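**Q** Sequence:
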Amino acid sequence: MAKVDGGRLFAKALKKEGVECVFTLSGGHIMPILYGCREEGIRVIDVRHESTGGYAAEAYAKVTGKPGILVTTAGPGITNATTPMAEAAETGIPVIHIGGGSPIRENDTGPLQNVKSFEAMAVFCKWARKIYNSSRVPEYVAMAFRHAYDDTPGPVYLEIAADVLFQQFEEDEIYWPERYRAFTTAYGDPRLVEQAAEALIQADKPAMIIGETARFSQQEKNSVEKLANYLKIPVFSQTTSRGVYADERTNELFRIGEGAIREADVVLELGVDHSYKIGKGKAPRVNGAALRIMVHPDLTKIGYNVPADIGIVAGAGAASDQIFEMVKAKTKPIQSGSWTDEARELTKMMRKPFLEAAVSTILPTHPGRVAAEVAKYIETEATDWHVICDGGDAASWIDANATASYPGQVVRYGPLGTIGTGQGYSLGAWAADGKPVLYYTGDGSFGFYSMEFETFVRNNIPLVCVISNDSAWGMIKLSEEAKRPDYISENGHLATTLPEMFPYEKMAALWGGVGIRVDHYDDIIPAIRKVRSSGKPGIINVDVDKIAMAPATAAFAGVKQK
Numbered sequence: 001m002a003k004v005d006g007g008r009l010f011a012k013a014l015k016k017e018g019v020e021c022v023f024t025l026s027g028g029h030i031m032p033i034l035y036g037c038r039e040e041g042i043r044v045i046d047v048r049h050e051s052t053g054g055y056a057a058e059a060y061a062k063v064t065g066k067p068g069i070l071v072t073t074a075g076p077g078i079t080n081a082t083t084p085m086a087e088a089a090e091t092g093i094p095v096i097h098i099g100g101g102s103p104i105r106e107n108d109t110g111p112l113q114n115v116k117s118f119e120a121m122a123v124f125c126k127w128a129r130k131i132y133n134s135s136r137v138p139e140y141v142a143m144a145f146r147h148a149y150d151d152t153p154g155p156v157y158l159e160i161a162a163d164v165l166f167q168q169f170e171e172d173e174i175y176w177p178e179r180y181r182a183f184t185t186a187y188g189d190p191r192l193v194e195q196a197a198e199a200l201i202q203a204d205k206p207a208m209i210i211g212e213t214a215r216f217s218q219q220e221k222n223s224v225e226k227l228a229n230y231l232k233i234p235v236f237s238q239t240t241s242r243g244v245y246a247d248e249r250t251n252e253l254f255r256i257g258e259g260a261i262r263e264a265d266v267v268l269e270l271g272v273d274h275s276y277k278i279g280k281g282k283a284p285r286v287n288g289a290a291l292r293i294m295v296h297p298d299l300t301k302i303g304y305n306v307p308a309d310i311g312i313v314a315g316a317g318a319a320s321d322q323i324f325e326m327v328k329a330k331t332k333p334i335q336s337g338s339w340t341d342e343a344r345e346l347t348k349m350m351r352k353p354f355l356e357a358a359v360s361t362i363l364p365t366h367p368g369r370v371a372a373e374v375a376k377y378i379e380t381e382a383t384d385w386h387v388i389c390d391g392g393d394a395a396s397w398i399d400a401n402a403t404a405s406y407p408g409q410v411v412r413y414g415p416l417g418t419i420g421t422g423q424g425y426s427l428g429a430w431a432a433d434g435k436p437v438l439y440y441t442g443d444g445s446f447g448f449y450s451m452e453f454e455t456f457v458r459n460n461i462p463l464v465c466v467i468s469n470d471s472a473w474g475m476i477k478l479s480e481e482a483k484r485p486d487y488i489s490e491n492g493h494l495a496t497t498l499p500e501m502f503p504y505e506k507m508a509a510l511w512g513g514v515g516i517r518v519d520h521y522d523d524i525i526p527a528i529r530k531v532r533s534s535g536k537p538g539i540i541n542v543d544v545d546k547i548a549m550a551p552a553t554a555a556f557a558g559v560k561q562k
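Just so we're aligned, residue 1 is where the sequence shown starts under full-length UniProt numbering, counting upward by one.
Possibly wrong hints are sitting among the right ones.
As the list claims (entries may be wrong) - Here are the simulated lysine-lysine pairs, PhoX-like style, with alpha carbons at most 25 Å apart: (1) K348 - K280; (2) K352 - K282; (3) K205 - K232; (4) K16 - K205; (5) K506 - K560; (6) K126 - K15; (7) K3 - K66; (8) K332 - K348; (9) K332 - K226; (10) K435 - K376; (11) K280 - K126; (12) K348 - K435; (13) K348 - K282.
None of these hints come from the bench; they were simulated from the model. If you're wondering where the values come from, they're calculated on a predicted model, not measured in any experiment.
Please take these sequences and the hints and turn them into a complete structure.
**A** What follows is the structure, encoded as structure tokens:
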């Protein structure tokens, strides 16, 4: 039988797990892995910066529900991926990061790209291991998938030195693990499930929150929507779980939950981590007097930041199925009534700043109007497109306007608040299913990895980029104006302004794409159509009002909006 090196073993092990693509930036320490992937029919997608590759792997996982794979070369290749791993860790996204290393035989001699990369990755990854014998690569890949899929998913890391990777063995000498991980999530304690069912039945104003972690806890996932429909429970989903448990376009209950959780008397929480993105689970974001039913696969998240009245250690779908079956046995389905109407009005009140911005006629265009026009295009002409939300102020406008019909349709960073993720997220979302991408960003975030547009062109990615251009790091600039008006008036801004309406759209000419500057809201949708019809990635640069503040920015700045 032929000999195989560690690179081919990595590829074979990944193929066995159903991996279809890996993200990478080439380097001498990892080339055998990339060659192995090609031989095994795994697509190798190379980027211009490892951070982009890490974000792409994260988005791939958000869309598919399966781990994204990142392969980076030794030293700076690995350290460049530090922030993506931190982002994945904070949001609970399964990413398998494989890093190269300088040869062991050169330890303590000052070899190329030798740094404490393993220690750096171990800080942000939930599990990390070095491989010292390439014959054991399949075992460690199996372990990596097991840990990535653990109770709360997250990034894991494998590192292998170049001289270990190049080791060759007879293929029939290799041990291949079988049946090495579970394919189910935990079900809840029946006693606690019954308590939860009783509480929901007795509730006058029940509501549900689906957290980021619930994206990867889908066993019996249809039961979440069944339970919501049966008891007419309004549902608020955090971004990663939007479109996973129901189509927001066709099920109104999944569109009216954000206001409902403020007044609910019982709140069922599925995979919620109580970060700042949900107001840490406290009032006014969630009614402080509500009875809280917390379902989470990680028991350390039960009662985190907020007391749990009923705490169930289980997967979101599995526990919902148990609760639903218990509810069906105890009561008849609820018909839409006053609580549904009230939840609708509460959500409408919460969305007032977005609704008003959507019809604003100010020029330069209100940033909320830009997001609303983009969302209108998606709703009417591009319902299957991915919507990638990047930037600070910009991301909050588009996230609030976009609707999710399927898992990963709307992709945004998590509680780490990492701007500049958009190019990588766009690449990963497209790689997951080949659907077109609407990449929405601010002018600041656009600049992080803008050379990845060459990656988009090289891979023929159908992508339209819309830049909400306020010529600033808008969220911080607006916040500082609110916090220190006298100081700013006297001394001017510091490190928060960018070139006035810089012509980013001209970049599109480099690859024969369409770049359009837009100065009026009526021209936004026609511009999107023009870029899309070109068949190449394009850039729409929209001049926006520099004073309008998104609700998220107002909250950040401590400003009360009317």
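**Q** What are the numbers of the hints that this structure violates, sorted from low to high?
**A** 4, 5, 7, 8 and 12
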